[in-house]
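**Student:** Go ahead and model the full structure; you've got the sequences and the hints to work with.
Number of protein chains: 2
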Amino acid sequence: MPQKLIPQTTVYRLSLYLRELERLEKEKRYYISSRELGKLTLISEAQIRRDLSYFGKFGETRLGYPRKVLIKNLRQILGIDNRVWKIALIGAGNLGKALLSYRGFRERGFFIKVIFDADPEKIGKNLKGIRIENIENLIPISRKEKLDMAIIAVPAEEAQKVALEVKKAGIKAILNFAPRRLNLPAGIIVKNVDLSMELENISFHLKRLKCI
Amino acid sequence: MPQKLIPQTTVYRLSLYLRELERLEKEKRYYISSRELGKLTLISEAQIRRDLSYFGKFGETRLGYPRKVLIKNLRQILGIDNRVWKIALIGAGNLGKALLSYRGFRERGFFIKVIFDADPEKIGKNLKGIRIENIENLIPISRKEKLDMAIIAVPAEEAQKVALEVKKAGIKAILNFAPRRLNLPAGIIVKNVDLSMELENISFHLKRLKCI
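Protein sequences appear in the order of chains A and B. Here the first sequence stands for residues 173 to 384, numbered as in our numbering. Here the second sequence stands for residues 173 to 384, numbered as in our numbering.
FYI, nobody ran anything at the bench for these hints, they're computed from the structure.
The list makes no distinction among identical chains, and a pair is therefore deemed to hold if it is satisfied within one copy or across any two copies.
Derived pair list, reagent style BS3-like, types lysine-lysine, alpha-carbon separation capped at 27 Å: (1) K198 to K363; (2) K258 to K344; (3) K316 to K339; (4) K340 to K379.
**Tutor:** Structure representation (structure tokens):
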């Protein structure tokens with residue numbers, strides 16, 4: 173499998189295509205052209221064809237993509253076809269609570285199975301029906317529950333320590349919300365969500381708008 | 173100004189470069205090479221040079237980039253040099269509260285000035301010293317306060333309505349956390365944060381790991 177050849181941006185665009193195709197599900201049309209998909213996603217036809225071509229041939233000449241087949245294929249490529257990903261949420265603060273209520277996780281197969289926190293006031297209580305466990309038990313519980321991913325939503329200064337524990341627990345991927353770069357040995361996937369970067373991206377564009 | 177030529181991904185990478193350069197501030201060295209910056213950001217030297225070349229010539233042959241000068245330039249390019257961006261936070265739920273506590277907004281010049289909500293229980297109360305205003309007063313308050321951006325953190329079904337009000341209020345940019353595509357007339361910058369896309373990106377890679 174040509175693993176290294178697929179750009180990260182392509183993977184994000186696959187998610188975008190999938191979202192728009194799913195949104196169309198209620199319509200009855202069988203095919204969708206790359207032009208139509210381009211209009212919906214604001215991505216060029218050429219780019220769409222290039223992105224999809226990494227994974228096979230999904231379109232039919234002059235007809236476009238069979239929508240439901242493409243949805244099925246995209247879900248499979250993205251690893252969200254009939255699969256349950258078991259997630260540890262680490263940090264039961266405001267962000268953790270917001271993520272627990274975040275729609276769209278469950279419907280895509282992402283299930284928060286355990287919540288961990290270090291605060292004795294929180295440990296043992298329930299959030300959305302899920303028990304908050306002591307962070308000290310991260311390793312045994314993660315192993316027992318065979319957790320796939322961890323969402324880190326702890327304060328910045330705790331993040332590195334928690335991430336090392338996650339790695340030790342055998343969890344293979346981290347989504348990190350703490351504004352701190354994690355330094356981990358190879359063998360674990362880390363994605364960082366840095367919300368101030370999004371605002372910076374906006375300010376870049378706003379500033380240019382104002383220069384016109 | 174060649175506005176259309178700068179890829180979105182370049183702008184995100186500028187933020188990454190800036191973060192790593194700032195992190196180095198405590199060290200005393202004057203220059204940093206693109207190779208070093210590449211190691212810190214996990215981005216290729218060629219890509220770094222290409223990204224920066226959109227905005228001028230910042231490096232010096234055989235010496236590298238003068239670090240503080242590059243930081244200053246990046247801040248200016250990203251629109252976060254001594255500037256205050258005034259932000260409306262719309263939605264005082266868990267996510268809104270988490271965003272209010274999010275470090276890194278203020279130090280980059282992003283100030284949440286007003287909070288809006290529709291819940292009579294919340295209106296008039298304070299969060300982190302900021303008064304929660306009635307969403308019905310979005311337009312007059314935004315105009316009076318000359319707000320630059322709005323962060324939408326309301327339930328999905330409210331997002332479109334709120335976004336239209338934001339546009340009417342003359343705010344020029346939206347950071348949208350509601351899992352709903354916003355349909356707005358031209359003249360407003362919209363960025364969507366879709367947290368399930370991040371998890372999908374991870375599951376894509378995890379699935380491939382397991383295939384090896």
